[in-house]
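Numbered per the numbering used here, the sequence shown spans residues 10 to 385.
Calculated directly from the structure, the hints in this document are not laboratory data. Here the structure is a predicted model, which is why all the values come from computation and not from measurement. Mixed in with the good hints there might be a few duds.
What the hints assert, rightly or not - Here are the simulated lysine-lysine pairs, DSS-like style, with alpha carbons at most 30 Å apart:
no.	residue 1	residue 2
1	Lys168	Lys121
2	Lys121	Lys258
3	Lys45	Lys168
4	Lys168	Lys272
5	Lys168	Lys301
6	Lys121	Lys354
7	Lys168	Lys250
8	Lys316	Lys354
9	Lys272	Lys258
10	Lys258	Lys168
11	Lys382	Lys258
12	Lys258	Lys316
13	Lys301	Lys354
14	Lys301	Lys272
15	Lys272	Lys354
What the hints assert, rightly or not - Simulated DEER-style distance windows between Cβ atoms:
no.	residue 1	residue 2	range
16	Arg125	Lys272	44 to 52 Å
17	Asp370	Gly169	25 to 33 Å
18	Gly203	Ser315	36 to 44 Å
We treat Cβ as the ideally placed atom computed from N, Cα and C, and that holds for glycine.
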Amino acid sequence: MSRLGVREWLAVGQVFANGTLLRTDDGLHTCLNFEKELAAYTGVEQALAVSSGTAALICALQACGIGPGDEVLVPAYTWMASAGAVLLVGAVPVLVEVDETLSIDPLDLVAKLSPRSRAVIPVHMLNRPCDMERIIAIAHQYGLKVIEDACQAVGIRYKGRYCGSIGDIGTFSFNQHKNMTCGEGGAVLSNTGGLMARARNAHDMGIGFRTAGVPDPNAIFLGSNYRISEIQGAILRVQLKKLPRRLNKTRSRIAVLTDALRKAGYPIAPHNDPDEVAGLVLTFDTEAEAIKFAARRGARRIFDNSKHVYTEWGPILNRRMSHPGFSPWEWIGGSNGPAPDSCPKSLDLLRRSCAVNAMPDAPLPLVRYLARKLAA
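Generate the whole structure from the sequences, applying the supplied hints.
This is the structure:
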């Protein structure tokens, strides 16, 4: 969880002094400046700040024209919003197994394709990037949009490129538990102007700065309200400046923990980019070993992480929408979509895997001490 401090407090104070909290042309333009800085940082043409990671996913899906009758491929291990956002735009999420990296399995991705498949949402969980080379190749072959969910990997790179900047469109989250935070918030990123025009429209029902950036009138449709305030923009500008140092601290501590656990013979899970390791996972031979290790300080079994495991997505598995008429399954005949037995391989891996806390705010000597205790 990223820390807040005096610099954020001062930045918010400037917004208070200006007196304009709503994002308008009359304020300090903290949101606009943050978007420009985020785009430059991640190497994309445009970024759009929104109210949450879930809002970012909904805007990205609407930007890609995903809707009723479509299927979107989603990994079995992710926060339930990755699948929930698909349903909220009228499409059906199709679950895909994760592989030993705990990210979407490219082989099962191909196996789960159907004539209705329109997009894939690779999710970079625990600061560990997906195999984007293979996913992009598959998407190109089958005509899929790639909507990156980088909500748990803000600032993380895959083979030199930032997660969220590789697919057609990417999403970030800035809630309390992410690499940078304003309490709750998100962003949409893309190099495609047409997609960003639609995403900008999707996040805003009609305030002036939205239409000013949409030269194509065909990009204007009924949107929602996923705007953020100038207060959030001010906090995020400070947090973005802190992000490189924070991630460097995370990597240095992950290196210490990994070295200690590897020397002790613990099974380190594979990684899709070994040069960009900012998340540590152990995958044991048995569930009992994982449960025993998770009892130690600084570790947790991934299967116990509630709504990140698809079998805990009650409303989705039970196909409960706010009204029966909104059910996307009805629109495609009801045959596809998540079920408790959709991804047995993923459940097995999650039961046998543990995540290790990087402790980025702890002094390195303390991390070395705790690493030795964890590996004992």
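Earlier hints that do not hold, by number: 2, 5
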